[in-house]
Amino acid sequence: MNHGLTLKIGPATFRIGSAWRQPVDALARLYADYPPPADAIADFTVRLEPAGPFRRWVRPSIFITGDHGLADAAPMSLGHGLLAAEMGMNLQMALGWRRHLLLHASSVEKDGRALVMTGESGSGKSTLAAQLGERGWRLMGDEFALLDLETGAILPFPRLVSLKNRAIDVLAAEAPPERMGPMLAGTAKGDIRHLVPRRDAIGRMGEGAQPAMLLFPRFGHEADVRSVGQGEVFMRLTQASTNYVALGEPGFAALSGFVRNVPARAIDFPSGEEAIALVERLWEELA
Amino acid sequence: MPARYCQDSPDAILSCALEDMVLFYHRPSGQTHMVISPVPEILATLDDGAALTAGEVLGQLARHYDLGPAEEALSLVEMHLTELASLGLVRIA
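Listed in order, the protein sequences are those of chains A and B. Just so we're aligned, residue 695 is where the first sequence starts under my numbering, counting upward by one. Just so we're aligned, residue 208 is where the second sequence starts under my numbering, counting upward by one.
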């Protein structure tokens with residue numbers, strides 16, 4: 695690989711190699727505030743390679759691979775190289791992380807306790823976490839929450855927040871421009887712009903928090919709050935975890951403990967402002 | 208001779224109650240099962256290494272629960288034991 699960079703995000707260290715300079719330069723700028731890795735040993739390698747012969751130069755096209763990869767992953771344009779690198783890191787975590795139960799969820803912290811939000815893509819969990827992260831909460835992660843198998847704490851994984859479509863303008867109005875990445879237009883998920891978490895969220899990325907509330911957010915509906923039974927919570931969280939089966943009994947113990955101890959609600963909301971008000975109210979009542 | 212059912216080993220199954228559901232983590236297979244009453248109660252009769260017929264399981268349950276007409280209750284217990292055996296949570300002794 696001609697160009698490379700090592701990044702530490704939460705407990706995971708990534709070595710990113712690229713055939714092109716541009717994705718590495720973009721990462722270096724956006725991850726400039728992250729502490730340098732303490733040692734040179736990476737948990738995962740991500741490689742951004744030309745999708746075929748000559749594709750380094752002619753209509754440059756990126757194939758994402760690494761320690762773990764998907765053979766049929768669609769190539770991406772060099773203009774989306776930053777996104778490719780982020781997707782490559784996500785892929786390694788989703789397919790290879792075994793030290794914690796990995797939940798496809800966002801998380802934020804206040805007063806030493808964590809709020810976890812999970813839902814499908816488009817549910818609003820990422821945008822909501824990013825907004826809360828600008829309003830007095832500590833952003834722990836917008837994509838993956840790591841459940842500690844021993845202590846039951848949620849550990850941060852505060853990578854860049856991936857803002858999509860309408861969420862871009864919402865956060866651009868709240869966060870300073872120097873924390874926003876370049877606009878990546880016309881990706882497979884629409885327009886994407888990355889947001890660098892606040893400096894305190896980065897500085898405290900080794901600091902976990904006990905989970906105090908779980909929400910299943912759903913954007914685009916009239917405001918509503920519903921209880922969710924523990925059996926349903928357990929089932930939805932096993933679906934939201936990429937490594938529940940691989941972890942075996944420790945994963946079962948950690949997840950069942952989480953479900954028994956953490957109050958859960960499904961929330962619907964028509965706008966970010968209403969969502970934030972709802973979250974603050976539920977946090978006062980339940981957490 | 209009616210079949211006798213037993214558990215794999217005393218610690219093969221780890222259970223956890225979640226409101227009205229019970230989770231079984233089956234250690235030998237690594238599989239998680241979600242069940243509701245009367246499955247946990249049926250499985251509990253086979254604790255401590257017991258090897259019981261469906262009729263004996265029913266007898267144990269009848270000490271603690273009102274199960275209605277015996278014939279219907281027996282076929283229900285037989286059905287659940289067959290299912291548990293097919294899942295590998297109990298086996299025929």
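Hints are supplied without guarantee of correctness; some may be wrong.
[What the hints assert, rightly or not] To give a feel for the contact side, a few chain B residues facing chain A, derived at Cβ under 7 Å:
no. : residue
1   : Glu226
2   : Gly237
3   : Tyr272
Calculated directly from the structure, the hints in this document are not laboratory data. From a predicted model like this one, the values you see are computed outputs, not experimental measurements. For each residue, glycine too, the CB sits at the ideal point set by N, CA and C.
A quick look at each hint next to the structure:
1. Proximity of glutamate 226 of chain B to chain A holds as hinted, the smallest CB-CB distance being about 5 Å (cut-off 7 Å).
2. Annotation: glycine 237 of chain B was flagged as interfacial toward chain A, and the flag holds, the nearest CB pair being 5 Å apart, inside 7 Å.
3. Because the smallest distance between the Cβ of tyrosine 272 of chain B and any Cβ of chain A comes to about 22 Å, over 7 Å, the interface hint for this residue is violated.
Against the hints set out earlier in the document, a violation occurs for number 3 only.
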